[in-house]
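First to last, the sequence lines map onto chains A and B. Taking our numbering as reference, the numbering of the first sequence is continuous, increasing by one, and the terminal residue is 367. Taking our numbering as reference, the numbering of the second sequence is continuous, increasing by one, and the terminal residue is 367.
These aren't lab readings, by the way, just hints derived from the structure by calculation. These figures come from a predicted structure and were not determined experimentally. The reader is advised that the hints may include incorrect statements.
[Unchecked claim] Okay, derived cross-link-like pairs now, DSSO-like style, lysine-lysine, Cα gap no bigger than 27 angstroms in a straight line:
no.	chain 1	residue 1	chain 2	residue 2
1	A	Lys-249	A	Lys-352
2	A	Lys-350	A	Lys-249
3	B	Lys-330	A	Lys-352
4	B	Lys-350	A	Lys-330
5	A	Lys-330	B	Lys-352
6	B	Lys-249	B	Lys-350
7	A	Lys-249	B	Lys-330
8	B	Lys-249	B	Lys-352
9	A	Lys-330	B	Lys-249
10	B	Lys-330	A	Lys-350
[Said to hold, decoys possible] With the C-beta cut set under 10 angstroms, the calculated list includes, among others, these residues of chain B facing chain A:
no.	residue
11	Gly-251
12	Ala-252
13	Gly-259
14	Gly-260
15	Leu-301
16	Ile-347
17	Arg-349
18	Lys-350
19	Arg-358
Every residue, glycine too, gets a C-beta built ideally from N, C-alpha and C.
Protein chains: 2
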Amino acid sequence: MTEPVTSYRIAVMGGTGPQGKGLGYRFARQGHTVVLGSRSAEKAVPVAEEVTARLAGVEGAGTVSGASNAEACAEADVVVLAVPWDGHDDLVASLPLEGKTVVSCVNPLAFDKRGAHGQVINGGEGSAAESAQALAPEATVVGAFHNVSAVLLWGEEEYLDEDVLVVGDSVDAKGVAIELARSVSGRPGIDAGKLRLARQLEPFTAVLISINRKYKTHAGIRISGVDLGGE
Amino acid sequence: MTEPVTSYRIAVMGGTGPQGKGLGYRFARQGHTVVLGSRSAEKAVPVAEEVTARLAGVEGAGTVSGASNAEACAEADVVVLAVPWDGHDDLVASLPLEGKTVVSCVNPLAFDKRGAHGQVINGGEGSAAESAQALAPEATVVGAFHNVSAVLLWGEEEYLDEDVLVVGDSVDAKGVAIELARSVSGRPGIDAGKLRLARQLEPFTAVLISINRKYKTHAGIRISGVDLGGE
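Please put together the full structure from these sequences, using the hints given.
As structure tokens, then:
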């Protein structure tokens, strides 16, 4: 493990869910300070302890603590939204996000007999990330980590064989998520364009879920043809 | 080059465009018989000659000819739709597609100052592939090859470092596209679920176009974690 160039204080909303816990583990493993948020601190603390136990012996690991979502947010530089779409808007509207970099990993999916598919947001012209930006106009929202397998995040591999795609309208905020991606994939995230392209990244997770069912795997996206330098 | 297990007669609608011409070249290179279709045979024939010239010396290559779209269709087992979204519905409705396997590669994209993005089809609950199926109910439509770079299809590499994602509601028709994918990537396509997931594959091309602009490349999708066997 190499210490990251910048060490962030990261609050993970939905930090007790599989995606949030897995991302928190990966970020702390790379030296970032992580607060896992949940509805109540009582729910978050034991999960933080579980992650902390897993980091024992990892040189340079950051600390992991638990708090209520709002408390976790208050002290953070970066707020990761790893919450279900159901209830997303109310939660985001309730958080102290002013001035923060917000990374949305939210996947608005629906499931029926035919499998997973994307939910239609704002008549096809919206996404969870754009909703978050509208609800928190004084924050800077980017989308990233949508398509990363929660199972693999919590797994044994040092890095996931996946690329992290990052979308956003702020170059600086995208840069934060591109840097954080190193914790997951061992290399920078890929700048995949403007925030509205979250409309494509979020429901693509339904495609990966279909592939997972068919091939009994944990599929991920890699982008071929991109030179990220220094890999 | 190894001869394919099944050699298809493939008609490529929009066969004189970069995607259609590139796919036709790759299919013929692998031993399939290809007819490039265009609005008029006069437009298609010189492009077919160009592809044929490029195949000189390729052992086992199939023939490539040119015809009007409707004529090309009539004799084909497999009809590839590689046409622009603009005019797509009128064209599909005009073609003799009854009983055929139809592979839609159509990407309904829009472009503005902020770059490429997906067009909203049917209020977010549709896709070009689903539109084609509705217009040709006696054909079997699958979606595939949406995200494959036209530049690389016409390029020098033996195979593209990309996966071909295939969606559809018929296992048999998906099997055809999964097999045809070998011509492009050197391995089978990936079964990515039901036809409605074309809603995700089609506009994902906007993400790749954004990546191409940012990194000056021809990006493609690879799916990690899937064992396609016998690679």
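Status of the hints after comparison with the structure:
1. The suggested pairing of A:Lys-249 with A:Lys-352 holds, with an alpha-carbon distance near 18 angstroms, which does not exceed 27 angstroms.
2. For the hint pairing A:Lys-350 with A:Lys-249, the CA-to-CA distance comes to about 15 angstroms; that is within 27 angstroms, so the pair holds.
3. A C-alpha spacing of about 17 angstroms is found between B:Lys-330 and A:Lys-352, which places the hinted pair at or below 27 angstroms, so the restraint holds.
4. For the hint pairing B:Lys-350 with A:Lys-330, the CA-to-CA distance comes to about 11 angstroms; that is within 27 angstroms, so the pair holds.
5. Taking the CA atoms of A:Lys-330 and B:Lys-352, the gap is about 17 angstroms. The hint holds against a cut of 27 angstroms.
6. Proximity of B:Lys-249 to B:Lys-350 is assessed by CA-CA distance (about 15 angstroms); at most 27 angstroms being required, the pair is judged to hold.
7. This hinted pair checks out: A:Lys-249 and B:Lys-330 have alpha carbons roughly 11 angstroms apart, not beyond 27 angstroms.
8. With a CA separation close to 18 angstroms, the supplied pair B:Lys-249 and B:Lys-352 stays within the 27 angstroms bound.
9. Of the supplied pair hints, the one linking A:Lys-330 and B:Lys-249 holds, its CA atoms being roughly 11 angstroms apart against a limit of 27 angstroms.
10. Between B:Lys-330 and A:Lys-350 the alpha-carbon distance is near 11 angstroms, which keeps this suggested pair within the 27 angstroms criterion.
11. A hinted interface residue such as B:Gly-251 counts as satisfied when its beta carbon comes closer than 10 angstroms to some beta carbon of chain A; here the least separation is about 6 angstroms, so the hint holds.
12. Taking 10 angstroms as the C-beta cut-off, the interface hint given for B:Ala-252 holds, the closest approach to chain A being about 8 angstroms.
13. Checking B:Gly-259 against chain A by beta carbon gives a least distance of about 6 angstroms; that is within 10 angstroms, so the hint holds.
14. Annotation: interface hint on B:Gly-260 holds; nearest CB of chain A at approximately 3 angstroms, less than 10 angstroms.
15. Below 10 angstroms, beta-carbon pairs count as interface contacts, and B:Leu-301 has one with chain A at about 7 angstroms; its hint therefore holds.
16. A distance limit of 10 angstroms between C-beta atoms decides the matter here; for B:Ile-347 the minimum to chain A is near 6 angstroms, and the interface restraint holds.
17. Annotation: interface hint on B:Arg-349 holds; nearest CB of chain A at approximately 8 angstroms, less than 10 angstroms.
18. Because the closest C-beta pair between B:Lys-350 and chain A is about 5 angstroms apart, less than 10 angstroms, the hint holds.
19. The beta carbon of B:Arg-358 is positioned within 10 angstroms of a beta carbon in chain A (closest approach about 4 angstroms), and the interface hint is therefore held.
Against the hints set out earlier in the document, no violation occurs for any number.
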